[in-house]
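2 protein chains.
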Amino acid sequence: MEPSLKSELKLLPVDGVRLATAAAGIKKSSNEDLLLIEIAENAQVAAVFTANRFAAAPVELCRQYLQQARPRYLLINSGNANCGLGAPGLEAARLCCEAVASAAGVDLESVLPFSTGVIAEPLPAQKIVAAVPDLIKNLDSDQWIAGAEAIRTTDTVAKGGPRVIDIDGVPVTITGICKGSGMIRPNMATMLAYIATDAVVAAEILQPLLNRAVDASFNCISVDGDMSTNDACLLIATGKAGNPLLEPAMPEPWHRFEQAVTELCTELAQLIVRDGEGATKFITIQVRGTVSNDDARAVAIAVAHSPLVKTAFFASDANWGRILAAVGYAPIENLDISKVEIFLGDVCIVRNGARADQYEEAAGAAVMAEGDITLTIDLHSGDGRIDFWTCDLSYDYVRINAEYRT
Amino acid sequence: MEPSLKSELKLLPVDGVRLATAAAGIKKSSNEDLLLIEIAENAQVAAVFTANRFAAAPVELCRQYLQQARPRYLLINSGNANCGLGAPGLEAARLCCEAVASAAGVDLESVLPFSTGVIAEPLPAQKIVAAVPDLIKNLDSDQWIAGAEAIRTTDTVAKGGPRVIDIDGVPVTITGICKGSGMIRPNMATMLAYIATDAVVAAEILQPLLNRAVDASFNCISVDGDMSTNDACLLIATGKAGNPLLEPAMPEPWHRFEQAVTELCTELAQLIVRDGEGATKFITIQVRGTVSNDDARAVAIAVAHSPLVKTAFFASDANWGRILAAVGYAPIENLDISKVEIFLGDVCIVRNGARADQYEEAAGAAVMAEGDITLTIDLHSGDGRIDFWTCDLSYDYVRINAEYRT
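Line by line, the protein sequences are chains C and D. So the first sequence is numbered by the numbering used here: it starts at 1 and just counts up by one. So the second sequence is numbered by the numbering used here: it starts at 1001 and just counts up by one.
Hints should not be assumed to be uniformly reliable.
Restraint-style ranges between C-beta atoms, simulated for each label pair [stated by the list, open to error]:
| # | chain 1 | residue 1 | chain 2 | residue 2 | range |
| --- | --- | --- | --- | --- | --- |
| 1 | C | H380 | D | L1245 | 48 to 58 Å |
| 2 | D | E1091 | C | E252 | 51 to 61 Å |
| 3 | C | E41 | D | E1361 | 42 to 52 Å |
| 4 | D | E1370 | C | Q126 | 32 to 42 Å |
| 5 | C | G382 | D | P1208 | 29 to 39 Å |
| 6 | C | H380 | D | P1122 | 19 to 29 Å |
| 7 | C | S292 | D | P1122 | 53 to 63 Å |
| 8 | C | E333 | D | P1122 | 53 to 63 Å |
| 9 | C | E333 | D | A1202 | 28 to 38 Å |
| 10 | D | D1383 | C | D142 | 34 to 44 Å |
| 11 | C | S338 | D | V1164 | 43 to 53 Å |
Over 12 Å on every C-beta distance to chain C, these chain D residues come out as not near it, computed from the model [said to hold, decoys possible]:
| # | residue |
| --- | --- |
| 12 | A1202 |
| 13 | M1250 |
| 14 | E1267 |
Bear in mind the hints are in silico, worked out from the structure with no lab data behind them. Beta carbons are placed, not taken as given, at the ideal position from N, Cα and C, and that holds for glycine.
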C-alpha cells in the first residue's frame, strides 16, 4: 500500500550506544513496546521537542532533566503517549526513570523518558518498571533494528538508516531510527527520532547542528497537519570514533558531518511520509521563487495540508485548480497569481497563473499515475525555496484514525 | 447520511426580485445549472467575495462591475467555476453578461456573473448565451426554490431560509438561498449565497451590515479548511416593502433587521455544514474565555481543521486528547494549558488541562453517539468567545473528492 517503502532495514552499531527491547504489555498486541538506549559516559546529546504547548509528561520531564544532567539512558515506550493526565502522568514517567536510574546506578535526571501512542490514557508504569531489570541485562550494541521495531505505533514498517563518512581518515558512523505515521506536521514533525554517532563533536556545535538538520528535514514533512504532543528528536555523539574534534575552527569536515546528519534526517523524514497513514502517494513539493524561504514553507504547507489537493492525488486526478486555489490562500504577502508556474513532474500545467497553453490532461494524468510525484510551484518573485514532502489522503487514513482506539 | 437536514424548503417571494432557471448542459447530469436573478431598479446591493488571491474570473468581473453600476441581474451557473483560465475565462464570463444585458436592455456592468463547480475547465459560454432568452422570458418571483436547486454542485439538498420581521407595523421579508458543501472554510465561507429583502434600507448601512453578518455566520464554518476561489455572498434590498427607512438614526428597528439577516445567514451557514461533503455529524464548537474574539476564532479553526479530531468525531470516539492537542497548536499567544476546560455536551471531559476527575468514558461516548454535538472549550483567560460550526471527516469525504472529476 505504501509508496516504495524499502523492504530491508540495515543499520550499523555505534560505539558507545547499546540498546534493549521488551514487550511490557502496553500495546494491546503482544508486540514489543519498550526500548532502552544506553549512552556512554561523556557523550554529547542535543534534543529538539514538539512546539505544541500541550506537551506530554515525558517531554516536560526531558526538558527539565536536560537542564540538570547529561543523559545516560533513554527509555521509550510505544502504545501510550502519557499525555493529558496532569500530575499522575508526570509521576508515572518519573517512576519509570527511577527504575532505570536505580537498576543502572545513575542519577534520576540522567534517564530521559519518551512515550508515543494513545493520548490521555493512564500509563501503566508498573508494567514498565517490571521490565527494566531485563532491559538493563539485555543491552547490546546490535539491537538498532529491534529498537526501530519496538517504537512503532501505526507505522507499518520499522524505519531507520545508516551513514558512514570519513573524517580525516577516520570512519565515523551515524545511525538513526524513527517512528511516525499520523499526527505528522512540521514544527516539529510529530514523531520520535534517535540518531547516534560515534563522532567526536564539540559540545557547542551539536545543538545548533541538530536544529538546522531538523528544520530542513522533519520540519519539511506533513501527513495530516496535526501536531503531536510527544515529538522528540535526539542526536547523540559518543565521541568513540577518535576522529579529530569537529569544531567551528575546522569548517570543512564539520560541514561534511552536518551534511551527512541532515541527509540521514531527510531520509528518515521521507520514510515517515512514505509510511503516512493510508498513504498511497509520496509527493515532493518544490516551492521556488518566493520572496523568502519562510514564504516558500507557507506555500508548501498550504498545499500539503489541503484535503482537496490530497484527495486529488489519491484519485490520481491532475486537478491543478485545487493546487492553485491552495497557493491562493497561503498566508504570504505580495502573491502575484499572474506569475505562478506549476509543474507536475516535467509537465508544465500552469503558466502565468492559468492553464498552460500546451498542457494536455493526458500528460498530467500520466504523472499522477506514478507513486512518487514531484510538484514544483514557482512564484517567480524572489530566491526563496523549500523542498517539502507529503502524501495523499485516502480512505485508509480515515479508517486508521476512526478505528485507532476501538 | 447528513446530520438532520431539514426535508422541506419553504421560501417567500421578495417584492422586486424575480428568478428563472434552466438546464444549459454545463453539468454532466441533465440537472438545471443556470439561475438568473432580476433585481428591481434602485435596489441597494451589498457583496462580499472570497479572500483567495486566486479569484475566479466571475469574481474579478463582479468586483469591477460593482464599481461601475448598480446590479440589475445576477447570472449564476453551476457545474463549472470558470477559474484558472486567464483572459479566455474573463472573456467567457463577459460574453454571458453581455447576452443578458442585450436581452434585458441594460448596461453590461449591471449584470454580475457567478460560477461554481469544477475549477480550471473552460466555461461553455455559448451554452449559457443560448439559454438567456428563455431565462428572461421565464422570470418569476416565485422561483426561489428552483433557484436554490439550480446552484447546487455536490450539495445533496437545496438550501435556503425565510424570515419575516415587523418594522413599525410593516412586514418585511428576507429570503436567502445558498450552495456549498466542500471547499468550505471561513474567510469567507466558500460558497454562493443570495439574500434578498424588500426592506427600505439606507445605502450606507447595507455593506457594513452584510460584513458583520458574514463574519458571524459564513466566516464561522469549516468543512475541510479549503478556501474556494468563487465565494460570493450578496444582500439585495429592493425597498419595496414601504417600511420607514432603516438608517443609523433609528437604531432599534435597524438593529432588529440586522439581527434577522444575521440569523438567516447563520441558518444558511449551518445548512452548508450539515450538508458538508461526507458529513455524518454536525459539531458546534463554542470557544470561551480567550483573551480576544480573534483568539477564540484561531482555537476554533485549529480544532475544526484537525483531521484527527474530525475522524474521531466520525468514529464517535471521545478522544479528547486530540482536541487538547489541537488547542495546543492553535496560533495564539499566552495559552495556559493548565486552565483549559473542555465539555462534550454537558459532560466535563477536561479540567485544568487534564482528564477531569469525574469523567467516565461512557458519558463521553453517549454524547459522541449523537448526530448534533456541542463541544465547549474554555481557556479561562479572558472574555473572548466564538460559536463555530463544523462536521466530521468520513470515508465519503474522500470518495466525493476523489471522484469529483471522474
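Against the structure, the hints:
The given range of 48 to 58 Å is respected by H380 of chain C and L1245 of chain D, whose C-beta atoms sit roughly 51 Å from each other. The supplied range of 51 to 61 Å is met by E1091 of chain D and E252 of chain C, whose beta-carbon atoms lie about 59 Å from each other. One distance hint, 42 to 52 Å for the beta-carbon pair E41 of chain C and E1361 of chain D, holds here, with the actual separation near 45 Å. A hinted range of 32 to 42 Å for the beta carbons of E1370 of chain D and Q126 of chain C is consistent with their spacing of about 37 Å.
Between G382 of chain C and P1208 of chain D the beta carbons are some 37 Å apart, a value that agrees with the proposed interval 29 to 39 Å. A C-beta distance of roughly 25 Å is found between H380 of chain C and P1122 of chain D, which places it inside the suggested range of 19 to 29 Å. Between S292 of chain C and P1122 of chain D the beta carbons are some 35 Å apart, a value that contradicts the proposed interval 53 to 63 Å. Range check, E333 of chain C to P1122 of chain D: about 31 Å between beta-carbon atoms, so the 53 to 63 Å window is missed.
Under the hint 28 to 38 Å, the C-beta atoms of E333 of chain C and A1202 of chain D, about 36 Å apart, fit the expected range. Evaluation of the 34 to 44 Å hint for D1383 of chain D and D142 of chain C yields a failure: the beta carbon distance comes to about 60 Å. Hint check: S338 of chain C to V1164 of chain D, Cβ distance near 46 Å, so the stated range 43 to 53 Å holds. Under the 12 Å C-beta cut-off, the non-interface status given to A1202 of chain D relative to chain C holds; the minimum distance is some 34 Å.
The claim that M1250 of chain D is not at the interface with chain C holds, since no C-beta of that chain comes within 12 Å of its own (minimum 40 Å). E1267 of chain D, annotated as away from the interface, keeps every beta carbon of chain C farther than 12 Å; the closest lies near 25 Å.
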